[in-house]
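So you can see what is in the structure, the chains are spelled out below.
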Amino acid sequence: MSSDLTSREGEGVETPCDSHRGEPISPEVAVGPSLLIRILPVGLVMLMLAGVTHQALKPLTDPDIWWHLRMGDELREGWNFAQTQGWTPFATAPWVRTEWFPEVVQSWMNSEFGLPGVAWLFGVSLMVIVAALYLVCRRQADTLVAAVATAVGFIGMSASLSPRPHLVSFVLVLVCVDAWLHTAQDLRPRWWFIAITWIWACSHGMWLVGPIVGLTVTIGLVLDRRLRRSQAVQLFLVSILGFVAAGLTPVGPQLLRTPFAVADISSFISEWAPPSIRDLAPAITYAVFAIVVLMWTRGVRVPWTHVGLLILAMGWALLSARTVTLGAAILAPLFAGSLQDLLPRAGARVRKPEVASLAVTGLLCAIVLALTVASTSSVPGSVPLRLDARLDNLPPQTVVLNSYAVGGWLLWRHPSLVPTIDGRTEAFPVSYLSDYGHTMAVANGWQALVKTTGARWALLQVGSPLATALTERLDWKSVDSDRGYVLLEDPSKPPQNPTRP
Amino acid sequence: MLGYLLLIALGAVGLILGVRPVGDQSAWLHLSIGRQLIEGGGFGRVDPWVPWAAQPYIPTEWLPDVAAYKLHELFGLSGIAWLRGAGVLLLLAVTIWGARRLADTVPSLIAAGAALVGAGHALTARPQLLGFVFLSLAVVAWWQMAGDLRPRWWLVPLTWVWASSHGLWVVGVGFGVVTVAGLALDRRLTWGSARRLFAVPALSLGAAALTPVGPALLLTPLTVGRDVRDFVGEWQASSAHDLATFVTLCMLALVALSWARSRRMPPWWQIAHLVVAFVATLAMERTVAVGAVVAAPLLAQTLQNWRGTPSVALPRRDTVAWLAMGVSALLIAAPLAGTLAARPTNVPTGLQSALSSLPAGTVVLEDSNMSAWAGWVAPHLRPVKDSRSEIFSRQQHLDYARLVATAPGWDTILGRSGATWALVLTDSPLAAALHERESWATVGTDDGYSLMRRPG
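For the record, the sequence lines run as chains X and W.
Convert by adding 534 to the 1-based position in the first sequence; the result is the number in this note's numbering.
Convert by adding 6 to the 1-based position in the second sequence; the result is the number in this note's numbering.
Isolated chain X (complex conformation) (with noise of 0.2 Å):
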């Protein structure tokens, strides 16, 4: 049977380097768009600039957000970069600041705006990733065309989209790709990467991403032959470079090992369980991985560098629910030149028009979300906040048996009690991380963790397994209840300071 593959057209000229995905691009043909198409496309970017402002528009909700708060006020008081201790005796594994940067920044917006200016940080911290996203996407292709790519592509990062420091991650990954497509083209070292990694891994554990599509892009290039040595040498650098600033941070070269540190634990993080094609973000983001490989297939020869930023985009994507986002932004840039090809050119030079009018709209957005925010965002949600009072009056270091969603409020707002679990879960033993998990489902076996935490009130969702179980078979008596949550009390064990409210 015969292999069924036909030559494509322009065989003869087709060099690795042709098209956009391997040169400069040229300067504007003479296809010349109605005006209705060069703006419409621009003004879908300004409707998702708006829409992300409404999505900041609401209380924060995020469980991490307080243990993040209270990294960044501990480190403000006394800028001590060394592991924490102290908060809870059960988070016995070494702990690494690796997202301090941010932490900080939050704190400082919590300190002198309340939680509406963390809520407003998150909502421009939006912007930043959608006007990214379409200028990444517009280095690549046309105004349609990039604007289309900007809306898959955010569809494709939006399951991890909370306001927690891996939004700079999100940043800087279009950053780096960005960065990283145009030396595919002009072949020169951007050495101010360095200093970017340097700022990505004092922001976030996923610091590694941009070295790596650094390595992708120089290994790709040296496939396609298109580098000499001493070019080689320089682009290896940037990369390896960014290794070695990453090791240079406050946090020292201790950081270097944290990428790892997940690897036992993953299975604990729901965030980093495998992502399912039955959700949005990754089933649009294989449909469009899906639609980048058919374009190819049936297009030019690609390079080897955006055949790799491919591979290195797809894994992400399959890695887990988390880095899906990270596949979907290295994707849409590919998907934004692929989709290109089947257009004539019109323009991929970005005009100061189009960023003019996009800086507006961002501004008036952060505007309106800045005189907005107190009004949606000064009471967080989903804890539960009618029982701080009860909490506040508990003696200190009482050991709270909390529901993993709760643990960040209990160490942010209730600083003197010990929850038995937070998350950050790489800070607890594996065994531990078992044994809480076994409690949570009331297995056999059950009441061992209740016995070794000395837990004498517990802070479960109403309905839990385990709050079940604590009120049917151990007699735990129910003192109040609030948004989802109940606080029970173990009334078999007499109070140390009974401090009712």
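Keep in mind that a hint or two might mislead.
To be verified - Computed footprint of chain W on chain X; a stretch qualifies when at least three of its residues, placed anywhere within it, have a C-beta under 8 Å from a C-beta of chain W:
hint: 1; region: 774-787
hint: 2; region: 820-834
hint: 3; region: 975-988
None of these hints come from the bench; they were simulated from the model.
Every residue, glycine too, gets a C-beta built ideally from N, C-alpha and C.
Go by the hints and put chain W onto chain X.
Relative to the frame of chain X, chain W by itself:
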């Protein structure tokens, strides 16, 4: 020589994977169904095993169920293990055959080996293994049809047997439609050839309507488990962390990226095959094997293209030698099965006599992984719920989930079920709750399971 070594290695892996003690829970279910069809008069409107089931059970896999039960009567569990071994070897043989038509021996064996790993979830003692053998035959047939545009009418009677064996027949029909559509996009079809090729899936659909189950079978792909898919593990989305999924995705990535780097464009029908394989691989754990089987010839062709030379047909002498090796493997599998697989595994056989001695009609709350085995060894008992997910309503599944998680109201559900005995995991929340809350007594434990009795 390398080819023969690879072939022997693959055959050995196939034997190891196939000839194992029976431990897959569904094997017990299908043996029970075979017994019911032969001895019990089939399944009526009221289910004979779980009278409170919401839907009647349609035995869509009646043919292998009956055959497996008959084989069990003759040879016991060793016969079932041999059958699985034969199924694995047959799947491997058909995959190699299809790949070898496109590539030389080594690339075709590499592709078939990768497909075997990718199809790992399907290598069980269940009718679905036969379904995948038929699928691999259909894939080979459609590659042949795409090559010479001549219809393979034998797919029509094959689909009748397939539809009597497993629900995967609908994938075969769909695969044919996709291939014909791809050929049409490639502008390789005349009106007449398009009509003839399209007649193959159309007549196959008709053949599927003529099984003893009747035309209702055509609707089962749409209706079976429609409301309860959330509750069936193998119907959940697949994960790239899983070896079979990972290997299948790697196969597809190699093909796709090779195309992207190639100086020649692949035809649309092959692109369609790639898309089908990609979607099937990511859609659910159960269909990863579909992706692997469809990907095998694509990978073989890609590997051959990397060689840069056209493939050479297998000499007649080697064909005879390969067939002889296959038959030898089947013969070797028989004594191996007798030695290795006479006893079941992963089931609490120590509790079998206690279960068998319970009065007929006793309602037993069974762990979902053990209900099929319990139904096989103690068919006179009535499980609260068994492993035929599609016959239970969504509410029944939700109630069972609450019961197992001991969520609020679990004791009411327990009381309503009428269960007086329970076969549950010893370390499970339910075992703890039954003991601590309801004072149930543990009668016996074995292999991680406890048999518990309600007090009084």
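* How does the coverage statement for the region 975-988 of chain X fare against chain W, requiring three or more residues with Cβ below 8 Å from a Cβ of that chain? -> holds (count 6)
* Counting residues of the region 774-787 of chain X that have a beta-carbon nearer than 8 Å to any beta-carbon of chain W, does the count reach 3? -> Three-residue rule not met by the region 774-787 of chain X, so violated; n is 0.
* Asked: the region 820-834 of chain X covered by chain W? Criterion: 3 or more residues, Cβ-Cβ distance below 8 Å.
  -> holds (count 7)
Checked against the numbered hints above, the structure breaks only hint 1 and satisfies the rest.
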